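Sequence order for the protein chains is R and P.
For reference, each letter of the first sequence is one residue, going 1172 to 2082 in this note's numbering.
For reference, each letter of the second sequence is one residue, going 1096 to 1575 in this note's numbering.
Don't read these hints as lab results, they were simulated from the structure.
Keep in mind that this is a model prediction, so the values were computed, not measured.
Beta carbons are placed, not taken as given, at the ideal position from N, Cα and C, and that holds for glycine.
Hints may be right or wrong, so weigh each one.
Computed beta-carbon distance windows for the label pairs [as the list claims (entries may be wrong)]:
hint : chain 1 : residue 1 : chain 2 : residue 2 : range
1    : P       : Ile1388   : R       : Ser1894   : 37 to 45 Å
2    : P       : Pro1174   : R       : Arg1640   : 45 to 53 Å
3    : P       : Gln1315   : R       : Thr1958   : 24 to 32 Å
4    : P       : Asp1446   : R       : Asp1943   : 26 to 34 Å
5    : R       : Thr1395   : P       : Arg1288   : 48 to 56 Å
6    : R       : Pro1585   : P       : Ser1219   : 40 to 48 Å
7    : R       : Glu1805   : P       : Gln1315   : 33 to 41 Å
Here are the simulated EDC-like cross-link-like pairs (lysine to aspartate or glutamate), alpha carbons at most 20 Å apart as the crow flies [as the list claims (entries may be wrong)]:
hint : chain 1 : residue 1 : chain 2 : residue 2
8    : P       : Lys1199   : R       : Glu1805
9    : R       : Lys1774   : P       : Glu1189
10   : R       : Lys1664   : R       : Glu1744
11   : P       : Lys1442   : P       : Glu1185
12   : P       : Lys1240   : R       : Asp1772
13   : P       : Lys1199   : P       : Glu1175
14   : P       : Lys1550   : P       : Glu1528
15   : P       : Lys1240   : P       : Asp1229
16   : R       : Lys1874   : R       : Asp1340
17   : R       : Lys1664   : R       : Glu1652
18   : P       : Lys1182   : P       : Asp1564
19   : R       : Lys1957   : R       : Asp1893
20   : R       : Lys1430   : R       : Glu1744
21   : R       : Lys1874   : R       : Glu1402
22   : R       : Lys1957   : R       : Asp1943
23   : P       : Lys1240   : R       : Asp1340
24   : R       : Lys1957   : P       : Glu1175
25   : R       : Lys1430   : P       : Glu1549
26   : R       : Lys1664   : R       : Glu1514
27   : R       : Lys1249   : R       : Glu2018
28   : R       : Lys1664   : R       : Glu1620
29   : R       : Lys1664   : R       : Glu1333
30   : R       : Lys1430   : P       : Asp1490
31   : P       : Lys1240   : R       : Glu1514
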Amino acid sequence: MPCRSYRFTGLIRAALVAATLGVTPILRAEPPPAASAATNGLHWAFAPIRMPALPDGGAQRGGEGNPIDAFVQARLAKAGLHPAPEADRATLIRRLSFDLLGLPPGPSEVEEFVRDPDPRAYGRLVERLLASPHYGEQWGRHWLDVVRYTESQGFEYDRLRENAWHYRDYVIASLNRDIPYDRFMREQVAGDVLEPATRDGIVATSLLVCGPYDEAGNAQANATQRMITREEEMEDLLSVVGQSFLGVTLNCARCHSHKFDPIPIDDYYRMKSVFDGVKHGERPIATSAEIRDRESRLEGVRQRIAAGEAAIGAIESEAWKQAYARRDPGAAGDTTPPRPALEFRFDTPEKERPAGSLEGGAVVAGGRLLLTNSGAFFRSAPIPRELREKTLEAWVSLEGLSQGGGAAISLEAPGGQVFDAIVFGERQPRKWVAGSEGFARTRDLSAPEEIVPPGVPVHVVAVYGGGNRVTLYRNGVPYGESYQPGSPLQTYKAGEARVLLGMRHTGGGRPFLRGEILKASVFDRALSAAEVGSLFRSSGAHVSREALEAAMTPEGRRERERLGREVEGARAELGSMPPLPVSYAGVRRQPEPTRRLRRGDVKTPEDVMVPGALSVIRTPSPEFGLPADAPEGERRRRFADWLASPENPLPARVMMNRVWQFHFGQGLVATPNDLGRSGSAPTHPELLDWLAATFIRSGWSLKAMHRLIVTSAAYRQSSRFDSASAAADADNLLLWRYAPRRLEAEMLRDAMLSVSGELNPAVGGPSFRSFDVLTFPANAYVPRDKTGPEFNRRSVYRMNVNSGKEPLMDAFDCPDPAVKTPRRGVTITPLQALALMNNSFVQRQAERLAARAKSVGGEGMADGVSTAYRLALGRSPTPQESAAAQGVSRDRGLLPICWALLNSTEFLYIQ
Amino acid sequence: MNPSFDPTPVTRRRFLHSSTEGMGAIALAWMLARERAGASPASPSTPSRLPHYAPRAKRIVQIFCCGGVSHLDTFDPKPELDRMHGKTLEGKGENLGFFGQPGKLMRSPYEFRRHGQSGAWVSSLLPHLAGCVDDLCFIRSMVAKSNNHTPATFQMNSGYTMNGFPSMGAWLSYALGTENENLPTFVVLPDPRGMIAGGSINWTSGFLPANHQGVPFRTQSREPIGDLRTPDSIPLEARRADMEFLAGMNRGFAASHEGEPSFGARLRAYELAARMQVSIPEATDLESEPESIRALYGLDRESTRGFSRNCLMARRLLERGVRFVQIFNGGAFGSPRINWDGHENLKENHDTQAATMDQPVAALIQDLKQRGMLEDTLVVWATEFGRGPATQGIDSPGRDHHPTAFTCFLAGAGVRPGHTHGVTDEVGYFVAENPVTIYDFHATILHLLGIQHEKLTFYHNGINRRLTDVHGKVVSEILS
């Protein structure tokens, strides 16, 4: 990664913050404060936080003696500037409401607050808003921007992450409960290994993996490229930890020591060692005790099924022996083969065959499924039961060994976008492999090449077990090594999935197998190695169903039926124990010792590194004293301790700067993800330290800090423009006023829903999907303006996918979810205007607002106009405005007025 | 210069009289009224001191062929492959393919011939492009970082193999701004058969301001971008009155808030929006194109129908001052194949893809040339990587991905015509002479647009980011 000297130029900063279309703020670069004796020669951000004394002569205003104002006013006084007077109450409640909740106040709230003569009314308002569940939604959205939260994988397939939303809810709930920020940090890097273990802790670690994941790159055959893919993934992970919590661009040190900050390359690899055990994927939201408990209950039921099946097997195998003896006296089979949930045989009369269809010229003859044409396969009817843990089995004879890509048996979800299959010769010639979409659960195995000649059946089995373990068997013995894939065990829904024989999956390239299928089956559980062995031995030479039936005694048949009912009952019980809820919180594995890579190149590994933290921070110690092979959880736990230590100077400064930025539109440091030397210098260094120190003393309470900041006179001043002040400080860096801000995309959408009365205030749960998904097999998202209460939830609950942009949100600078966005851009474009003019969502909200204004305001036109204004803007129209609006609405009702209000600059800006 | 090429935006009044789109006419009337009212235009904000030096190219069109076009079967003939056909490839180190063990070396199913004055080699797959070789400059020594489609595609588009980095079009929009603010600066024309894998990630503005992202056009639709048309439920006269009312509101608000340039900018944005309601339908309306042009692009031929619309539309957009037009040939990965990813059967696949691409792209180059636009328009033809010399797997007629050698070509402004740069080894596996990385490729493109690639930077999260990361060298040999 490039790390070049960064010095602000007005130009670059302008582009960062500017509206386009001719708006070019001026920025005067401030020289970074020199490392001083006071900081022991360190760059300011790395020096310990000290609680600064309040400046002298900072006039205290607002009657509350807020220390923040002492700092702000001292700085203004030094520049010869004066703060603006306090904003009026209507402005204040609108500002505060948008700022804390992301929603406008209702007209009655405004009126009540404006009329309230009590000077403590503002304080009460602050408390009420901080207690609202919508607070967490608004401030959670900010945090989700910082940590690049997304609900799709990105890259080629961009698949949905159905279970990422738990993390979003965790963030919202944590903020609402005001859990201490040190704990918030600890949970997000190591929550799954903290004591006591909690569900929140497990979900919280989603931070590490909530960015893009290159599914194809991780599954491909080329080992070097796979390693590169993993290094890119780790850079994403380490940069999110470094930037979000520490405000340093740790990622610069992947290839070389940081050019400007004291971050040697070793620091990068020490921290890589901390997180090297974290991989993408889903995991159950359950503590290990809960998982053990559930497993033991499941095991009981599974044992009942196995015992029942064994007993059935004993009856059948006895019959089988007799039937077989009649056919071929020489052979003997196994006695207790497990019974499948579904069986596909082709040696029975046509009407008894499994439901399904012969496709592409597939033929049943001689008791076998013949797949001689390329393109031939069998497709079953939808499978009536849900399959999670499972075993696939097939007896197959191959037409030739140079073919590749076809499957003996495959289980696929509708459309083939998810499948598990036993595939021949796809990536490695002549080898069997557990095929899956995008190789998500596939691994090339160290197993011998297939040698069986044409016409000779071979028995292949794939077992997908608990703990997400995949094992292949050939002719009754394990084939290659068992493994845990990165992608979770798939659940195939009842009534949706189908079995394919001969074709790998719908929509695949080269998917067909040429040969014969003698028999195939699906088990709704993971068979043990012994069971697979028995399966192979028992069906080595199969006997027809009728012959088997005929060989049974009547008692045997009855007993078998009774056992069958028992097994069915146990299966139903198993089915009624739902799988544990899962979250995209990543999976863990004990990694190989981490090595430093010369210039970040996977081909030049160097020394083994031990886990550790930033070496520039001496207290708390960045040395963990752990060996290179320390348990991965222990590494993260130690890192969490280091990170959240009150002595660590970075996290409190970084977070207070973010909080300040979201309240004022700009931070005390303009580069919130970079407090290092290439970031910008703080405008109020003492204030930042005062906030950081106070934050820690408050017990890391964010709400306490919000309270302090929003009750300051600096926050409460009006946005009045003053040309003399602007001439001295065009960017309002010294806070001579409260600068107006445009609503962010989500706030804009939520504000429209709120004023139209359509907002569904439901908090939490799976995201709403305002798109259609086209799967080919990569996902493409087609935005759709869907209607109904589900889609009227707040925008933080919108499933924000990587490759599908929603025109309205996108036009208003909603960032690319893959980008770690500490601060959103603000542009003004014609596409924004088009979206507000014509977008069907805006149109609909305008209609609802008009209807609401009419029903609230009554039939009189002046009242309707006035109500619409109060709903949308929180104020009554002036007589001139009212007259103009009535002129328009005389012929056409309130709709055009409401449309204009939602398009108005006043609606879009917080003042 | 051909007199039919008018580099300035078509006049608004001409739209008023020629446009059949009622919505446009109404919006336009409103917009003209606004201009009379004296709203002052403001120039878009771009980094100053750009371009860094006199540009050779003012605008750029990129044709991106998704899936990985085989260099060995198009522009880089390998007689050695004919001799070695059916033998095992040895001595090249780790297999670079995506799908594991390769089979035997495979000769190209196409015949190669020299073409034009320059004598450039082109296979029988691309007869139309073969007719343009004297205008093209081939780079046979391209090298990509990844053998995996999407990271490689990201690299070709943004310089990085990861999500979230600004695409080249976004960088150019940021660097150079617009030549015609009535149209988007960076327009994307997806293949009508399907969206490229990753969709909008490929034209994201990443961390650049959002106004620099690509605007995808629905090229086969009467409404090329969403939210362009006034809703049917609103009579156009009524919309005109509403716009007037809104403008009054916003003007009053801006006037009462001194020192807020954004408020004025919003007024301006509505004017531009109204103009776009006219200019986008006009620019994308191919009905007015003469029969000779339709025939040139193959607009009425089955195999080229959809894609040729994109190429012709690209010319119209470039003509009207769009800075960067990106045309995708090919969609996402799946079956049946709708891109150049010829794993199973190279010939079958490339025959199908070339049938869509060859004639329209050749037509675009010829058309730009006959209008004099090739003088200051840069044409970039690219793909994410090439394909390997051996078959993919045993007894297969397909080829796997191949990142260490492939071919792209440039044409037009400032590019040495009829030239071939770079040499690959005897089987086209590695570059033998003059490797050109994607960074070099981007540095050269920026150079042609008057931009020094090291100096086009944007600060993001602690790093002064560049399109070319910390690499890149202008390939001076291919400049004219």
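For this session: Mind checking the hinted window 33 to 41 Å against the Cβ distance between Glu1805/R and Gln1315/P?
Result: Violated: the Cβ-Cβ distance is about 58 Å, outside 33 to 41 Å.
Problem set entry | Lys1182/P paired with Asp1564/P [C-alpha distance capped at 20 Å] | violated (40 Å)
Exercise. Does Lys1774/R pair with Glu1189/P here, judged by a C-alpha cut-off of 20 Å?
Worked result: holds (12 Å)
For this session: Kindly confirm whether 45 to 53 Å is satisfied by the beta carbon distance between Pro1174/P and Arg1640/R.
Result: holds (51 Å)
Exercise. Given the hint that Lys1442/P pairs with Glu1185/P, does the C-alpha gap stay at or below 20 Å?
Worked result: With Cα atoms ~24 Å apart, Lys1442/P and Glu1185/P exceed 20 Å; violated.
For this session: For the pair we were handed, Lys1240/P and Glu1514/R, check the Cα-Cα distance against 20 Å.
Result: violated (47 Å)
Problem set entry | Assessment of proposed distance window 48 to 56 Å (beta carbons of Thr1395/R, Arg1288/P) | Hint violated: Cβ distance 33 Å, outside 48 to 56 Å.
Exercise. Is the Cα-Cα distance between Lys1199/P and Glu1175/P 20 Å or less?
Worked result: holds (13 Å)
Exercise. Between Pro1585/R and Ser1219/P, is the Cβ distance one that fits in 40 to 48 Å?
Worked result: holds (42 Å)
For this session: Given the hint that Lys1957/R pairs with Asp1893/R, test it: the Cα-Cα distance must not exceed 20 Å.
Result: Given pair Lys1957/R, Asp1893/R is violated - Cα atoms ~45 Å apart, limit 20 Å.
For this session: Given the hint that Lys1664/R pairs with Glu1652/R, test it: the Cα-Cα distance must not exceed 20 Å.
Result: With a Cα-Cα distance of about 28 Å, the restraint between Lys1664/R and Glu1652/R is violated, given a limit of 20 Å.
Exercise. Within a Cα-Cα threshold of 20 Å, do Lys1550/P and Glu1528/P meet the stated pairing?
Worked result: violated (28 Å)
Of the numbered hints given earlier, the model fails hints 1, 5, 7, 8, 11, 14, 15, 17, 18, 19, 20, 21, 23, 24, 27, 28, 30, 31; all others are met.
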